[in-house]
Every structure is written in structure tokens, then in C-alpha cells.
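Protein chains: 2
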Amino acid sequence: MEENELAQKIREIISSKNKTELDEFLDHSEPIDFAQQVAELEDDEIMDLLALLDENQLASLMEESEDKERIRIAHMLDNKRLLVAFGYMQKDDIVDMLGDFPIGRRKEIVNLMKSDDRRIITTLLNYPEDSAAGIMTTQYIALNENLSVHDGLDKIRDIGPRTEVIETIYVINDKRELTGVCDLRDLLNASRDNRIKDIMDDHVISVLPETDQEVVARLVSRYDLESIPVVTKNNQIFGIITVDDVIDVIVEEYDEDMLQMAGVSKEESIDSSLKDSVRMRLPWLFINLATAFLASFTVKIFEGTISKVVALSAVMTIVSGMGGNAGTQTMSILVRELAQNKVDLKESIRAFFKEIGLGVVDGAATGLLTGVIVAMVYGNPFLGVIVFLAMIGNLVVAGVFGFLVPVILDKLHADPAVSSSIFVTTATDVLGFFIFLGLASIFIKYLI
Amino acid sequence: MEENELAQKIREIISSKNKTELDEFLDHSEPIDFAQQVAELEDDEIMDLLALLDENQLASLMEESEDKERIRIAHMLDNKRLLVAFGYMQKDDIVDMLGDFPIGRRKEIVNLMKSDDRRIITTLLNYPEDSAAGIMTTQYIALNENLSVHDGLDKIRDIGPRTEVIETIYVINDKRELTGVCDLRDLLNASRDNRIKDIMDDHVISVLPETDQEVVARLVSRYDLESIPVVTKNNQIFGIITVDDVIDVIVEEYDEDMLQMAGVSKEESIDSSLKDSVRMRLPWLFINLATAFLASFTVKIFEGTISKVVALSAVMTIVSGMGGNAGTQTMSILVRELAQNKVDLKESIRAFFKEIGLGVVDGAATGLLTGVIVAMVYGNPFLGVIVFLAMIGNLVVAGVFGFLVPVILDKLHADPAVSSSIFVTTATDVLGFFIFLGLASIFIKYLI
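If you're matching them up, the sequences are chains E and H in order.
Using the numbering used here, you'd call the opening residue of the first sequence number 7 and step up by one each time.
Using the numbering used here, you'd call the opening residue of the second sequence number 7 and step up by one each time.
Because the hints were derived from the structure by calculation, they are not lab data.
Since the list can't tell identical chains apart, any single copy or any two copies may satisfy a pair.
With a cut-off of at most 30 Å between alpha-carbon atoms, the simulated BS3-like pairs for lysine-lysine come out as follows:
{"#": "1", "residue 1": "K417", "residue 2": "K272"}
{"#": "2", "residue 1": "K25", "residue 2": "K74"}
{"#": "3", "residue 1": "K306", "residue 2": "K451"}
{"#": "4", "residue 1": "K352", "residue 2": "K272"}
{"#": "5", "residue 1": "K352", "residue 2": "K281"}
{"#": "6", "residue 1": "K23", "residue 2": "K352"}
{"#": "7", "residue 1": "K161", "residue 2": "K181"}
{"#": "8", "residue 1": "K281", "residue 2": "K360"}
{"#": "9", "residue 1": "K203", "residue 2": "K161"}
Please work from the sequences and hints to get the whole structure.
Structure follows, in C-alpha cells:
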């Protein structure tokens, strides 16, 4: 069904208040597609829809909705109905939602929970949203290592439907310490009276509750895991993180990097209000303004020279711009290699000198063409020579800063993906103007 | 074990040629960690190592190694040993490796394969590496819909160990057409004499062999799938793509976007040779050079004005630079929303006018500060007013182009993440200079 038909159909069902048709519709559509369409509805339409939904349909809608939409829906529900729906939801989703609630309502709802749930939810609320505990689920299978394979399989059959993962089975001892992991396949193939201890793999990759979600994502992706257990510092199993949540983390971190690099907050979207957009973007523009002034003052120093040869003002922008482009190239490669932890010292010294060589070669190639064109346009071969030399100089600057800035930021534990760009382009702007206009001042008598 | 210890240990084992110790070591380390260490070894060390490895250890090493390293290892092996190792490898990995072989050797090896394997491998070699068929595995479970649950479970127990996924079971009819999917949990819970047909879900999300891997990744991520089936246009099942390969695709596409945006090829790495780096980066620099000349010629038009008020040459760089920054902000948000297919027409018209409003507000804020500073530094309030107006103008340009360029590129089916940047900054450079210097020419009598 096309998106428009989908939206049309949902509106029809809502206005006809036809519960049977709604159930039929939900059985044949993907929860996320439904949630996305619901997000487009007006408040009064959603009110009518909520009246038609069962609690498990409501739970699925909230789980698949974006943060903003979940809150909108929750606002239309009383605490009692919300609690019943929570019964069908993953704990991490409940915690995410509660985290976005006003504190008053959050406390109200937590207090209404059964004591078991309240204990788990209260504990989880203490961890940041982007920590391992913030994205883990508490619905997993952990079998005691002393169980027989036969009893283990019975238990899986029993608990399986309520867990997120059944292919990976975690194994614990009597103290609930994580002692191993085994694959459902191995269980299915093992002799039924073996103990689980005998067939498990005792090498388990796990994370702590406070581990950053980016680290979790890197481990799951590196070791091709289906899930990763979260253990307390006493090695007791606390929850698991499944691969589908890891994909969400990777996509989220990717978006964040892309946006932060451009000086945009991840909170902003195409439908943010003008006021919010100003608040979120203006600070970055002011930071850039400071660096723009730096470059501008460099030019100001050479105003005497420019007033003698006004052509310099047009040509200088080429030199600074090309430095920025070349610096961004070098920087991007370094940022990627740093993200993959691939930079070792010996290799990097060689690579650093290569970037300098590259600045010379690329600078000479682009500088030659620029020099020839400039010499012809302005009828001044010396101006061409100066452009040629300045381009080489600035592309070497680009290589040096494009290389060093991400490395240094990484050593200082700042995210090189986010903040390298501003330092690199400041360097290529300021030094690009300085080298070109400096050379022009020195050889001014050949230019006039 | 720390990385250095790991490398040390591997070198020790190799020089002592101790097979038992090697086996012990491999049993307790992750294949990918091992492969990464092996990549650092010298050729003669690898030769000695290969002599010690079993064929399945060799297969695992090749599967976990990067493309370049696989080829290095394959160079040291004769065809016979390579074929035995292929027996332990996933078909998609074999195809990837063969794709990187010189044609002669590729044909030699394919001809030596058993006819079944040869047929599959030859078919797979016809698909691009980044298509669904290029990343799928042919090792999956597909059960006939008419089997009983009891027989189905027997079959899973039987085939399970040789497949990549057992949690998701695909269901086919007698013509091998994909008719449904079911979860192992449902099978485990169903009554043993039910037919699979009765418990399966007949709504299956699938892709075609030629589907782009990015589309595959988006589907798996959106619908939280553990795997996705690849079907021929007759709806016959051809293979499956597992979530761990999808994560690799997402990370790869992410890297590609980041690098291409900066004009760097994804093939380049920190240890590319100087020659390769020049070859891969210089074309982008020449493209940028063309746009730099455009901006430069805009300035040239106003040389007469600049020669009268040389301060303009220093101040103009602020206006153009700030436009570039603001344009990049708008563009980044659009690129993200387009990637998530979130832009609808009604919303986007509103958003477009918001960007224009944002240009006015942010332009006025940064322009005011800049204007005041410039007026004081140069002792010329009119210059301050012109900067103020030009900044507003260029930030509106930034909003308009930052919005329209990605949207138009997307409509033209070009990747907005990759090519938007150059058009946006060209616009803000050229028009930034034009607006500022143009205003200065018009009001030149107040500036002198």
C-alpha cells in the first residue's frame, strides 16, 4: 500500500470507529509503518484512535513511535491505561518514555507500579539514555549452568515467547554470575542429559551498565554478535542488548556526527520552530564568526600591499579556499581511521610525511593551472608564480593541520569527527592568506 | 590480552612452529582479533603461519580479514588448499575474494570447483558486490509449508548447525516460492502435528537480488529484522541477508558518505601510497578549483571598488565564510531528512520559508556584531551597515541554497549527502561576494 493510501485508510477507520476493521488492518501492516502514519494525525483523530486500540496495540504503537510522538500519545492517556499498556512494553522503552515525562507524572506512574517493576524501572532511570543500561532489555534467557540440556530446552520453550532473543542463551551459576554462553543450535544438537555447563562457551564478551552505547555498538558490530549481555561489576547479569537496538545506535550516532560536524544539534529537525532553530544554530555561527575575524585580520595586515596590487584580493580567495578543501580531505581520512582505531605510531609518522608530500604534489598541480590562468588574466607572470608557490605552501598547511588536528583532538578525548573541521579551516584560511599576501609583499616590486 | 601481547604471542607461536599452542591460542581468541594481528605480520611470517593452520582455521582467518589481506593470503596458497578452505567459508565471502582475484586465477579456481558450487559461485559473480545478491548467504533454512511442526523441528536440528540464522525460518511451497516466515519460538510452542502452513506469517518483507545494499539495510533496520530473504522475480528464495552483514553495510555506507562528502575515495586509507592518494584526491581539487575561480572572478568584477576602499577585501571574506557555514547547517538537516524519507511537500514549503526567516534572524544577529566591530576597527559606520545588510542577504542565500540543492539533487536521483556541499558553498561564496561588494559599489560615496 502506498503511504497516501495508508493514511487515507487509517483516517477512514478512525472516523467510522470500526474496531474490527482496525484489527484487520493492524494484523496486515507493520507496526512502524502504522506508527509513522499516526504521527501525521491531528490530536483529535489520535484521541479517537486511542479509544479503539487494545492495550497491546497501544503498547506496540508507543514502542514504534518517536520520542516526541510517544509523549503526545501519553498526554492523552490516563495513568491507569498507560500502566496496562506498559505491561506489554519492553522495560527500556518504558524508561525512555518516563525519562521524557514531567517529573511529577513520572513519580505518580512509578508509584502505581507493582513493586518488582518499580524496582527495575527506578534502577534503570538512574542510567543515562545512551548507556548500556539505557538501551538494554531485561527480557532475556539465562539458564543455570547445572541444568540438563533437556530441562534447559523445556525452559526455553517456556520463556522463549517473552524474550527478545532465543538464539543466544546466557548461562549463569547459582549466584546469578554470568559464566558462559551457548547457541540454541548447540543445545538442540547436544545429548539431552548433558549439563549446560558441559556444552557452553565460557568466553563471553560483556559490557557494564554504564558503558557508552557507542562502545556497545562497536563490540556487537566487530564480533558479529546477536546480543551482548550487560553485567554488574560483580559479574551478575543485568540485561541484554539486542542487535536491532545496536543498529538504531549506529544510525543515531551517524546522524549525530554528520550534524554536529556542520554545527547542528541532533535535536533539530525540519519541523523545528524558527525560535528553536535560531537557539540551536546561532551559537555555532558565532564561534565561526570568531575564526572568520581571525582570517579577516590577517588580510587587514596586508591592506597596504593590496592597495598597490588590487588583483591580490580576488586571487587570495582561491588560495585559501583550495587549502580548506585539501585540509578537509586529509582530515576525513584521519577521522575515519581514528574511529576504527587503526592508527599506529610507526605507520602514522610515515603517513604524516606522505600528507606533506601530497600537499606539495597537489599544490603544484592545482597551483600551476591557477598560476597560468592568473598570469594570463592579469597579464602578470610574477603574480602567477606567487600563486603557484602560495598554493603549494597552503596545501602543505592543509596536510599538516588536516593530519594533526584530528590526532590531537583524539588524544585529548574530544570527538575528532565533530570539532576538527573548524580548526583545520581556520588554519588554511589564516595561513593561506598569510602565505599568499606575505609572498606578494616581499616581491611587491615585481607585481606593480 | 593487550594488542601488543597478542602480537608478541602470535610471533612466538610462529617462530616455535608449535601447532598445539596455536590451536590452544585460537580456541581462546576471537577470529577478528586474530585476523587483525595477522594483517600486521610480514609475508614470511604469514607463510610460516599458514603452514600451521588447519583448513577451517584458514577459512576463518580469510573470512575475518580485510579484502587486501585476503588477497595477500590467497597469493601464498596453491589452488588446491584454497579450494579446501573455501569449503568452510560462506559463499558471499568466496565470491568477494574471487572478485578481487586476477581473472586468470579466478577462472582456474572456479573450474576446479564441484559443479554445484561452481553454478552458485558463477551466478553470484554476476551481481555487483553492493547488491543484495552480493552480500547474501546461501546457507539458510527454508521449510516446505506442508511439513508438520514435528518434522520441521527435526530438520532444523539437522540443518541448523550449517546455517547462519535459526531464529527466523522461511517457508516455501513445492515450487520453492517463498510463501511465509515463522519464528522458531512459534514452532517450539506449536502443537507437533500442526502443519507449518498453519502457524506461519504469510506477510514477508523480501528484496530482489539486484536491490542496492543500502535499501536492504534500511528495510532490516526499519523493521528490526534478524534476516531478510532475497527472492528471484518469480518469488523463489535465492538466499538470505543476515543482520550482522547489514551492520557492516551501514558502517560502510556511513564511511563512504563521510569521505565522499569531503572529496575522498572510500578506497583510500592512511597507508595508501602517495601516487594513489594523488590520483584519488586531485580530481576533486580541480573541480573545487573551478568553483574557486567563479568566486574569484566575482571579486575581480569589483576591483575598481576595492581599489577605492581596500578594507573591503578583508571584510568580504567574513561575509562569504559565514554564508558557507550557515548553508552547511541547513544542508545537513535536509540531507538527513531526505535520507529518512521524511520530507513531505506541505511540511517542506513551511520549512523552506522558515529557513529564509532563519537567514534573516541569524544574519541580523551575526551581522550586527560584525557590523559594530567593523565600524569601530575601520572608523566607518557605513561600512558596518553594509556588512550588516550583506550578512543578512548571504545567510538568506545560504538558507535558500542549503534547502533547495539537496532537494533538487534528490529529485535527480543523485546522492545529496555527497554532492550538495560544493553547490551550496559555491552559491554562498559567489553571491556572498556579489552582495557585499555590490552594496559597497552602490554606496561607494559613503565609504570613501
